[in-house]
Amino acid sequence: MNRMNNHSVSRWAAIVIAIVALVIIAVLVKRKPAEETAEAAPAAANTAGLVPFRMEQQWLIRLKLALAEQTEMAPQIHAVGRVVPVPSKRAIVAPPVGGIIQSGTMPRVGQRVTSGQSLTRLVQTPTAAEAAQIRIETVRIDAERGRLQQAEIEARARLEEAAHDAGRARRLYEKKAYSQKALEVDELDEKAREAQLAAIQEQLKALEAPPPASSSYEVHAPIAGTIVKVNKSAGEQVAPGEAIVEIVELDTVWVEAPIFEKDLGRVSRESEAVFTTTAFPEKEFRGRLININTVIDEQTRAATALFEVKNGSGELRAGMQANVRLGAGTKASVLLIPKESVLDNEGQKIVYVLRSGEEFERRNVVVGDEYGSKVAIVSGVKPGERVVTQGAYQLKLQELKPANAGAHTHEV
1 MNRMNNHSVS
11 RWAAIVIAIV
21 ALVIIAVLVK
31 RKPAEETAEA
41 APAAANTAGL
51 VPFRMEQQWL
61 IRLKLALAEQ
71 TEMAPQIHAV
81 GRVVPVPSKR
91 AIVAPPVGGI
101 IQSGTMPRVG
111 QRVTSGQSLT
121 RLVQTPTAAE
131 AAQIRIETVR
141 IDAERGRLQQ
151 AEIEARARLE
161 EAAHDAGRAR
171 RLYEKKAYSQ
181 KALEVDELDE
191 KAREAQLAAI
201 QEQLKALEAP
211 PPASSSYEVH
221 APIAGTIVKV
231 NKSAGEQVAP
241 GEAIVEIVEL
251 DTVWVEAPIF
261 EKDLGRVSRE
271 SEAVFTTTAF
281 PEKEFRGRLI
291 NINTVIDEQT
301 RAATALFEVK
311 NGSGELRAGM
321 QANVRLGAGT
331 KASVLLIPKE
341 SVLDNEGQKI
351 VYVLRSGEEF
361 ERRNVVVGDE
371 YGSKVAIVSG
381 VKPGERVVTQ
391 GAYQLKLQEL
401 KPANAGAHTH
411 EV
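Numbering-wise (our numbering), the sequence shown opens with residue 1 and increments by one.
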């Protein structure tokens, strides 16, 4: 009986040991993957944002780097303005008389002209009122001509009579039968009759001269410059005071730009203004502040500032949009990198910084003011570090690939 009890106890003990062993094995099996995962997590954290990019890939895309530089710059005010002509160098030509533009005499848009140069000629045509006045004047002239012709006949007769009397007086004087004083009176009367006849003949000659076939008016350029607008064509009728041509001289231009009320206190006469245009985005034009309007626009809450810009190259044209950058305030130390190195990544600004020859690090950055082709970095990059400019987008695409995909290939 005792032997049977001992055998049962041993069997149950073996079963318990086996169960305990299975539990221990199960715990160990579950614990090992967790430990491996825990060990892998720091490694993954250490490589987040790192992008391997082989040298051959960099050559293929012509990857370029730029140095993050610390420099002194003034805070910036940005505005969008437009190029306008200087008022004293803009002229609208409007002749004071009306007429028809002669064929082939109008200038063309883009043509350079000098001050005083002939632009066109107007053939003046009478209006209805003027035509009626001309008819009235013709009747008056005809009547005057008839009167003068009659006067000429009478004056000629008086001259002949006076000449006869003077001739007789001279003959008598030679015979001592006429006094010298009486002779002088007769000769003076003859000369007076000659003068009267000559005056009447001059008046008749003026009346008999044919009137001009047509009168014309020559239009001249009031200033030197370029023709920017032509409103009329050859053969068209022009009314008195009607604009036919616009001339602008663009060797110096103005740039109008709104300065918001909150920024007016930071602007001074010494503020440096720099402009770029859509046509020449990489070229900077510099201007001098000449005036800020004393009236604030009630809708925009801005005052219009005027800048004078030299335009010897003629690249700035009236009406162009100008992107204005105005230095305002005291200069401060800023870190600058090229704007093209900054990318958008889900609403966050990022750059790629060179870590080693074939490894780059993605950095989140906070950007500040823009300075032409460069932008200030508030945080995310240190002075002296090199950021990717050309090729930054390709690095972003490389980072989006599956882990290590293409890291050891020649694919771009």
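Please note: incorrect hints may appear among the correct ones.
Pairs of lysine-lysine, DSSO-like flavour, derived with a Cα cap of 27 Å [stated by the list, open to error]:
1) K232 to K262
2) K339 to K64
3) K396 to K349
4) K181 to K205
5) K310 to K64
6) K339 to K382
7) K89 to K331
8) K283 to K205
Have a look at the derived ranges for each label pair, beta carbon to beta carbon [claimed, not checked]:
9) R168 to A199: 22 to 28 Å
10) G319 to G357: 34 to 40 Å
11) E359 to R269: 37 to 43 Å
12) E242 to D297: 32 to 38 Å
13) L264 to E56: 31 to 37 Å
14) Q102 to E202: 16 to 22 Å
15) E56 to K349: 47 to 53 Å
16) K229 to Q321: 38 to 44 Å
17) N311 to Q117: 20 to 26 Å
18) S313 to E242: 21 to 27 Å
These are calculated hints, taken from the structure and not from any lab test.
The beta carbon of each residue, even a glycine, is placed where N, CA and C say it ideally should be.
Hints, one by one, checked against the model:
no.	hint	verdict
1	K232 to K262	violated (47 Å)
2	K339 to K64	holds (13 Å)
3	K396 to K349	holds (12 Å)
4	K181 to K205	violated (37 Å)
5	K310 to K64	violated (35 Å)
6	K339 to K382	holds (16 Å)
7	K89 to K331	violated (36 Å)
8	K283 to K205	violated (72 Å)
9	R168 to A199: 22 to 28 Å	holds (26 Å)
10	G319 to G357: 34 to 40 Å	violated (50 Å)
11	E359 to R269: 37 to 43 Å	violated (51 Å)
12	E242 to D297: 32 to 38 Å	holds (33 Å)
13	L264 to E56: 31 to 37 Å	violated (55 Å)
14	Q102 to E202: 16 to 22 Å	violated (35 Å)
15	E56 to K349: 47 to 53 Å	violated (29 Å)
16	K229 to Q321: 38 to 44 Å	violated (20 Å)
17	N311 to Q117: 20 to 26 Å	holds (22 Å)
18	S313 to E242: 21 to 27 Å	violated (35 Å)
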